[in-house]
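Just so you know, we're using our numbering here: the sequence shown kicks off at 1021 and counts up by one.
Check the hints yourself; a few may be wrong.
Listed next, the in silico DSBU-like pairs over lysine-lysine satisfying Cα-Cα at most 35 Å (straight line) [as the list claims (entries may be wrong)]:
no.	residue 1	residue 2
1	Lys-1497	Lys-1316
2	Lys-1223	Lys-1316
3	Lys-1184	Lys-1362
4	Lys-1438	Lys-1184
5	Lys-1438	Lys-1316
6	Lys-1223	Lys-1497
7	Lys-1223	Lys-1312
8	Lys-1362	Lys-1347
9	Lys-1438	Lys-1312
10	Lys-1438	Lys-1223
11	Lys-1312	Lys-1497
In case anyone wonders, no lab produced these hints; they're calculated from the structure.
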Amino acid sequence: MAIPSQLPASSSDGQAGVFIRNATGLIREVSFFDAFVMNTFGMNVAVGGVYLFLQAQTAFSGGSMLLSVVIGTLLMAFTLLRVYAEFSAAMPRSGGDYVFVSRTLHPILGFLLSWSQGLWMIFFWIGFNAYFALTFAVPAALATLSSVTGQQVWLDMSNGLLAKHDLLGITTQWWVLGLGTLITVGFGVLIVLGGQRYWRWQKVLFAIAGLSLLISFVLLLFSGGHISSGWDDFAARNHGLTYDQIIPAAEQAGYTGNGASFSFTDTLLMLPWVFFVVGYAQGSAQIGGEIKRASKTQYRAMVGGVLINGLVLALLTIVLTAHVSPKWLGSLGYLAGAAPDKLGLPAGLPPGFNFLAALLTHNVVLLLLIGIGFVIWAVMGTPLSMMQSTRYMLAWSLDRTVPQQLGEVSERFHTPVKAIALCVVTGEIALIALVNWSDASLLGALLAQILAFIVVALAGVVFPYRLRNVWESAGGKRVLGLPAVALAGAGGVIALGALMVLFVADDTINATFAVTRALSLWFMVGVVVLGIVWYAGARLVNSRRGVDLSLVYREIPPE
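Turn these sequences into a full structure, and let the hints steer you where they fit.
Printed below as a string of structure tokens:
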């Protein structure tokens, strides 16, 4: 019987008796660039940047956004993502952190972590990303085109998309529901047809999304000095406040942040918004069984991905604050939330950095590229959530904790077709729920994510000691004589624990991220309780079949 420190690092024929089968059926076809782009879409610097510049500066006006970005980027890169990278090099398997934690700490911790993550993706994120793109990103892009060009047709399209219509006696946002269904089903079909098809399309979409970000950056860099005049032109057409009226209007409306001096505390309190970007670079770990040369690729795709995307966010912060003061941004963010009518913004348009960049050009082609790119950034969470959640299901199936059908991989397409189909169905259910009940909160999803990350970081602390042979097989790097992954894990536990406290204890932060805080937290707890019941049931069912699940968790799953 294997003890933890002697876990095999690769599959063997003998594993077939422990696991459902001795191979997953997936193919190692994901390159470094594919993994990097996947993680970059997961971090979503475009959407995250909008919220950072509008909300964080308003909420904590004494803070430095640039310093917060630097601190958050370095913390995540060399703590949490370093842990993920080392685990992914040592155990490159489908299910990623489920395998890491269940083999390092305890099976039930690994199962509950992945169960919570998986259910949030299956029943929330897949539907939410399509919903968010159609109710936020697309209307924002169309409203921006209308505001900058003065052409009403774009605003009419935005209003038509969001309007409720009657069909078959049911009044709802049918355009959002229909287009959202096409997005969910379309990505599901694309992923079913095989990895290479999806990865090719991901490259194309990334090229457009990246170009849109580059256009915004270049406009801010070289024409940012004209933001005030561009804003005044917009204000004249839309009967809103001029550039110079923003700060006094915010103060009159009740904003008190303009007198704040620099505060390192406020800078740290901005970190939740930075985490919303750089904290989500671990997606490629969940498809570890499909990554080429995982020992090198994963470190560059995750740690390198955080550093590069953090740099992009820092550069956007620099060029934006070089032309508009943090005081003006804070005032703008306050008015956008408290009195948007005074700004003359149509359709709830958020005046993010992409909108400010759009004010600097009247070229419709450039405006379309900025808008389309922003929509792509918003919607790409749908396929990422599908891929990650289906790999969880595959890993659970191999370990006999869910029906084996969820882990079946098509011999033709080399993809888990049934699991993907389930994700499409649940994503559609989430979309319908969101269309009819739009006050869903992100707080529960974020807290579940942070708690999962803390568990992974804790697993990193004990990894070199509980699975010494596996750790050494991946290089076993040390710093000052101590395992690098243990140091990174300890740092991650501290940093993420502090972040968790901020989300729960700071009223400003949890109010910003939670519309329905109590229900969100109850749902988070309910998911964990359901996971405990499911895991206990799986052990009981397997025990009656003569299968000892404890033996399963003493082996690393097959490739």
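Taking each numbered hint in turn, which are not upheld by the structure, reported in ascending numerical order?
Going through the list in order, the structure violates no hint and respects every one.
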